[in-house]
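Chain A is already provided as a structure; the job is to place chain B on it using the hints.
2 protein chains.
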Amino acid sequence: MSFRSLFFFVLFCTLAHRGLADDGYRLWLKYDQVRDAGQRKAYQKQANFIAVPSGSPVLQAAGRELQNGLQGLLGQSVPMVGEGKGSKGGIVLSVAANPELGQEGYRVSTQGGNVVVMGATDKGVLYGAFALLRHLQTGQSISAVNLNSKPRIEYRFLNHWDNPNGTVERGYAGSSIWKWQELPEVIDPRYQDYARANASIGINGVVFNNVNASARFLTAEYLQKVAALANVMRPYGIRVYMSVLWAAPKVIGGLQTSDPLDPQVRRWWTAKTDEIYKVIPDFGGFLVKANSEGEPGPQDYGRNHADGANMLAEALGQHDGIVIWRAFVYKANSNGDRFKEAFQEFQPLDGKFAKKVLVQVKNGPIDFQAREPFHPLFGAMPKTPLVLEVQLTQEYLGFATHLVYLAPLIKECLEADTYAKGPGSTVAKVVDGTIDNHAISGIAGVANIGSDRNWTGHPVSQANWYSYGRLAWDHTLTSQALAEEWTKMTLTQEPKAVSTITDLLTKSRDIYVRYTTPLGLHHIMGQSIHYGPEPWLEKSARPDWTSIYYHKADAVGLGFNRTATGSNALGLYAPQVQKQWGDPATCPPNYLLWFHHVPWTQTLSTGQTLWNELTTRYYTGADSVLWMQQQWAQVQPALDAELHADVASRLRIQYREALWWRDACVLYFQQYAKQPLPPTLTPPSRPLAEIKQLVDIYQLR
Amino acid sequence: MSFRSLFFFVLFCTLAHRGLADDGYRLWLKYDQVRDAGQRKAYQKQANFIAVPSGSPVLQAAGRELQNGLQGLLGQSVPMVGEGKGSKGGIVLSVAANPELGQEGYRVSTQGGNVVVMGATDKGVLYGAFALLRHLQTGQSISAVNLNSKPRIEYRFLNHWDNPNGTVERGYAGSSIWKWQELPEVIDPRYQDYARANASIGINGVVFNNVNASARFLTAEYLQKVAALANVMRPYGIRVYMSVLWAAPKVIGGLQTSDPLDPQVRRWWTAKTDEIYKVIPDFGGFLVKANSEGEPGPQDYGRNHADGANMLAEALGQHDGIVIWRAFVYKANSNGDRFKEAFQEFQPLDGKFAKKVLVQVKNGPIDFQAREPFHPLFGAMPKTPLVLEVQLTQEYLGFATHLVYLAPLIKECLEADTYAKGPGSTVAKVVDGTIDNHAISGIAGVANIGSDRNWTGHPVSQANWYSYGRLAWDHTLTSQALAEEWTKMTLTQEPKAVSTITDLLTKSRDIYVRYTTPLGLHHIMGQSIHYGPEPWLEKSARPDWTSIYYHKADAVGLGFNRTATGSNALGLYAPQVQKQWGDPATCPPNYLLWFHHVPWTQTLSTGQTLWNELTTRYYTGADSVLWMQQQWAQVQPALDAELHADVASRLRIQYREALWWRDACVLYFQQYAKQPLPPTLTPPSRPLAEIKQLVDIYQLR
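Protein chains in written order, with this note's numbering: chain A, 1 to 701; chain B, 1 to 701.
Calculated from the structure, these hints are not laboratory results.
Careful, some of the hints might be misleading.
All copies of an identical chain are treated as equivalent in the list; a pair is satisfied when it fits inside any one copy or across any two copies.
Distance condition first, Cα-Cα at most 30 Å in a straight line; then the derived DSSO-like pairs of lysine-lysine [claimed, not checked]:
id : residue 1 : residue 2
1  : K496      : K579
2  : K539      : K331
3  : K331      : K150
4  : K692      : K496
5  : K692      : K272
6  : K692      : K250
7  : K352      : K496
8  : K30       : K579
9  : K411      : K150
10 : K411      : K45
A quick note: this is a predicted structure, and the numbers were derived from the prediction, not measured.
For reference, chain A alone in the conformation it holds in the complex (with noise of 0.2 Å):
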């Protein structure tokens, strides 16, 4: 065996004796050498060097992303240089004032021979360092590189629903990731990685505690545990921010209220908050969930939730930080509709809360429904920051089993018009804080992140991580865009192949809506898991709580009337929106059942009864499980084959839950239609009983 031959046979045996199959650790960093040998070279040429000036460890971490990522794209080692003065040929970062640029822009340009990174800030340098990358990995060419970039959001979190036991409220891919016993002496890799992976796509704060809180965070001896992530975080841009238990000044502050006027409690939260700067020195502040869900608030003591804000506003002090309050609230006994609660409570508070508190209101009216009208707070609170809040954990979107691409959702409640300001006047523009002039702004998606290897249990689960950050960066990217990135760095260069995958991706919600809850269906998922069918759910711990609450199916037809002649959540939407809601035959077909209780029998827009039309919906959807599956058969020589082979596998699994949906929906509420099935469908070959029993199967401890 000649040299030659043994260094490839060697090669070849570390790689696939390690198993290095792909195991989807990596995310969309990936940095895979670059296969096309003249662009490959043509990037060579231009990565001589990397000149890093002195500086923070934010530039050291943008120098050392680039010279890992460089050495796997291109297969040679780049010597980091201090300032590279009169070299060319290299990639230079570069720290300088520039008002275009803002705090976290950036500018990738060519410039006297040398790639240029470009920011005002070190972060900007850091942001411009992973677009080069992005721009690299995604096989653009290097030689007029021209990239310019700044976010349209200020604050770009994720939020996790993490405990300190290790479970996620709503995770669906494995444990927490966040070792709270082990902190913070045991420093595990992953927590570097996943701050890389954060600021790749531009998310710079991170919750790592559920909004359901423990009180443990805020003592002394778990501050010194998120203080050791904090500075994990911290070369990656990323500041952390804390989700708190309003008890705590009972709780662990030997306190006998935690009433946001008692001067006590006041102290007691100023002099915390000044220990907790004192160990995190960057901290971001403070996320509340108050008065939901059976957790304590201010209106425990009959106060309000602005009263409650304020009072963490003022602890912050002096503090760069902020606090952000969450609009997710509904009575703990409600006759009415759950719909209008948080715009009750919330929207006349307009005006009172103080200037660092922002308020985070959910896409929607209820609970991250598979599709949702937008909230209709958005729109009505001009004197106060809306955060909006989106789920990237798929909770009700078929958790690790269903290839659901999320992106297109976000964008449906970005790009909703509020005619707030009259036409125009998107979701986005109030997020953003342009319609309304607000000096800050934020968005936070809830993390789909856990213990798995690949992070997000279901593979392409990633993607809707990696869009989440990049729409919170600039909003007016497209669905498609992303996914056909995403595609490009995490799956496959082969341009079929991508755009295959990023045309499967694309379609996946609207497939995932039609064989759940076409036509506005929403809120008639597995009792308390929220896991398969359960459109039968007829009691529970509260009537908002079941499924007959939300679909009412009667005789007569289907569908909540949120119109004036029934709760009339409709009104809380500016004219322009009830005017076309509000008429059945104007209304978005995808909205129908979310404001009119349609009879079976009417005629909708699309041509077809409402019978026809949502039996019709149910078989295209899980058929469409099928195309996807064929869809994916095909790209199949273009990807590695264990990670391709994992997809496949859960493609099977959502194929057999979309029957399942499919199945006890349309016999479920065939009986109240009480008619058969149009005549092109096959009716279910086994009877509601059976479905019901498996439902009871998975709801069994």
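Then chain B, alone, in the frame of chain A:
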């Protein structure tokens, strides 16, 4: 750059870029290249081929493992051939009738120029293949290899306490590796690596689900999932068993009762068992926790444990399966001594169990404490095969932050003399069936495995999984030999480092006992979570869930009087044991407070007063963790850097927590002893109240 230097450079880059620090995933099956060139050459000479006769998937798995292992160890690809007749210099797998080897034994020896791995069955060959690999991994000569072994215990189980929702009861290494929701479609590659690891140490039976069982597993839906896992286990000689919920006939069978004497119930179990064998033809049988800690059982219907177990044995009928019935029971409202309860319930049933039933008994009478006297049932039920249950997950032994090697604990129990048939009637001989001539024998380890990349959280906890399996196979192996074996396969072969680590491991459990529960203290840990010290715990849902129930500290002294003047639990043992343990002067100090209430001022056999001995042990125990840190620091050059750093950081936590235990217990007991510390010991710098606060933090939601 020459091609040769390019070769090493690229190899280095490949390894470095891929982040191939040792993350612990490969366990003891690392198969890293043999460093000693001479030895590698000697091995290579004997590895020209692997002859694998056609046969079952088990034989194929043996061949694949050898091929994979040799490729790593030797850095060369070894071809697999069908028979290899006439060829020399290879490895030949051979199945040949040989009564001496039994069903699972093997012989590995040199014959006709080949290394022959022989077994009377395919499974014997599989175990022989792993023995050969172990032989090479630990650097032993291949020229005159001669390995002969067969298991002393027939059923060698791992019991997982994993729940269908992915949590692990008392698991400290992430979530469950079993992804029930994704099964049967998604087969995580990890499942096969789990099977390989178990086969390599001789484990031949696994129970995937918690003994606090969900009825889900008995449904057709879940049987498909279990069957999918069984398919992965089968080629590795592993049979699948199942924990069952006693109330299943009611919960999922639609019956009104689960009375084991009810004909309908009996028919239900028989039909269910037949159904299981249809989908898992080699199903192993049932594991039952009944009438214990709130679980349902035959006593709900006035029947006893034998009635329940025998009914299941009957349901197994002609199938090759067994029933394992757990003896870990204590009454719902106890006012007696919990120590005695399992004995009182089970000993009278000796001789009443059907042939296929084994009774599974924990190593000690309470619950997996850091040190317990052997369970009095051992030796007291000669007509019943008893399965020894030990706990590998460190529920009471420091979770994933304390380095505690458990082989000495297991050995201490195995070597304890029950005197059941005169001196030498060790627990080992009771369990392996030799004393009472049982046809079947078993041992079970409660798994310490979770979704953490390194499987066990603390890297050294892998040694507990490893040594348990090896002891289950051959309980005469020593703790030290197994520590050395594991270290060589897993961490390093550098002789000084091997000896340092072996010494550290072997001493670690005694050190843990010293700083937590010296002199026979037990059950004084943090409430519910079993983390940290809480000797002051006075109230709980049950008296025997408090700490004061066990330590009985008062003005006079400390310890639980279990002699004839007390609860007389000691009376459950053989007279010889009673004699030794019944006298404080002859009772081993390690068991002293298990059986005696000893005055603080009493001079012990150690020559010190109880108070001085107790406090000295707490202090020397904590100090020994510093010694452990020093030892670990010394081996740094011989170990992978990331793995070394991980353990080093955990040792820092261990010291912090050792001080926590020391200070808590010394200060708490001092309130009763009312004496100063011996002058050589520096009193804790923090007050007891501060430590109590710390304990409270970890018990917050």
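Hint check results:
Proximity of K496 and K579 under a CA criterion of 30 Å is satisfied in neither setting, with 44 Å inside one chain copy and 82 Å between copies. Taking CA atoms no more than 30 Å apart as the test, K539 paired with K331 passes inside one copy only; the shortest distance there is 18 Å, against 36 Å between copies. In the homo-oligomer, the alpha carbons of K331 and K150 never lie at most 30 Å apart, since the shortest distance is 40 Å inside one protomer and 67 Å across protomers. Taking identical chains as interchangeable, the C-alpha atoms of K692 and K496 are never at most 30 Å apart, the minima being 42 Å within one chain and 64 Å between chains.
With identical chains, the CA atoms of K692 and K272 are at most 30 Å apart between copies only, with a shortest distance of 20 Å across copies and 51 Å within one. Only between protomers do K692 and K250 lie at most 30 Å apart by alpha-carbon distance; the minimum there is 17 Å, versus 45 Å within a single protomer. In this assembly of identical chains, K352 and K496 lie within 30 Å of each other by CA distance neither inside one copy nor across copies; the values are 54 Å within and 70 Å between. Taking the shortest alpha-carbon separations for K30 and K579, neither the intra-copy value of 49 Å nor the inter-copy value of 68 Å comes in at or below 30 Å.
Taking the shortest Cα distances, K411 and K150 sit within 30 Å of each other inside one copy (19 Å), while across copies they are farther apart (64 Å). Taking CA atoms no more than 30 Å apart as the test, K411 paired with K45 passes in neither setting, with 39 Å inside one copy and 64 Å between copies.
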